[in-house]
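Given these sequences and hints, build the entire structure.
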Amino acid sequence: MDFRLTPEQEMMVKVIRELAQKEIAPRAAKIDESEEFPWENIKAMNDLGLLGMTIPEEYGGSLTDSLTYMMAIEEIAKACASTATILAVHSSAGCGGIVQFGTEEQKKKYLPRLAEGGKIAAFALTEPGAGSDAAAVQTTAVLDGDEYVLNGTKCFITNGSVADVYTVFAMTDKSKGVKGMSAFIVEAGTPGFTYGKLEDKMGIRASATSELIFDNCRIPKENLLGSEGDGFKIAMTVLDGARIGIGALAVGIAQAAFETALQYSKERKQFGRPIFDFQAVNFMLADMAMQIEAARLMVYKAAWLKDAGLPHGKEAAMAKTIASDMAVKVTSDAVQIMGGYGYSKEYPVERYMRDAKITQIYEGTNQIQRVVISNYLKR
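In numbering that gives the first Met the number 0, the protein residues as written are 0 to 378.
Take these hints with a grain of salt, some might be off.
As the list claims (entries may be wrong) - Derived lysine-lysine pairs resembling DSBU-like cross-links, with alpha carbons at most 35 Å apart:
(1) 21 - 356
(2) 21 - 220
(3) 313 - 175
These aren't lab readings, by the way, just hints derived from the structure by calculation.
Shown next, in the form of structure tokens:
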């Protein structure tokens, strides 16, 4: 085991940290309040090549190893969880299916604009009646000549109203259950494809989360991703990698909350001394530090397994679950340490707490992660 980073990894993380703290963090509170989609942050990340971190160089990307990518997500999340969510969904879920299952023609057509063109991707699986039960998808795709006709509604889609390219899951044969689900590439602006409600969320408020509506939306049959019936396999494969990213995002949020609370505890005085000097506070901080480090190591291990080409589904689910549960606990404790100031928007920890909660929900709730983990255990 070697826990040392390579010089290249250290340099990459340093550059991303500088970008995150100098350009992204200063906008975080404002865009949280206004729910404004952070196009300036997208441009800054694109200029640094971050939108292409999961895309091979031959398609315009800057493909990095999974560990470096997870550290990038962590650094962006420390600055702004909304921006980190946009990047994680774009990179892992939105681009992941095309990178792993796309034809050469599909990759050449779509990946360059997502890697270096400032465009972002989305992953459309969830529906009003199909959340944890992904197999309950009701959106349909019917082959009509040289086109598939899509009909249905998706909900809670991250990057939903702002993406350029969507991976959309629909049933091509409902009689086959999950084996009748297929995946399609749908471009923004396609006739019959419109946006519904934009969600007003508790956290990650600057990320666009919306409904997608398909009403006799016609797409070329060449936009089928993989083969008919591959949809469920594609979704689960992509989500395995995406869950590691959510773990990294949760670690980043928690680290930011911890650092804020730690600094505050050294400056805030009560009874004539810094509150850090009281065991009730410094023990809380010690626990927070341990929990963050333990979760970080689980995320990094899952990323290492993925890089090594080894099975990582169980570890991805474990990392996502541990890290998100930890982030909710640590951010809540940060608010507690800071008292009334922690509950006030004068400090960012109340935002960290709101942002942390979603990490227990998206990319598969933590209850579903425990189903995934227990299924591995009984094999």
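Status of the hints after comparison with the structure:
1. Distance hint between residue 21 and residue 356 is fulfilled; the C-alpha atoms sit about 26 Å from each other, no more than 35 Å.
2. As the CA atoms of residue 21 and residue 220 are separated by approximately 45 Å, the hinted pair breaks the 35 Å bound.
3. A distance of roughly 27 Å separates the Cα atoms of residue 313 and residue 175; the hinted pair therefore holds under the 35 Å criterion.
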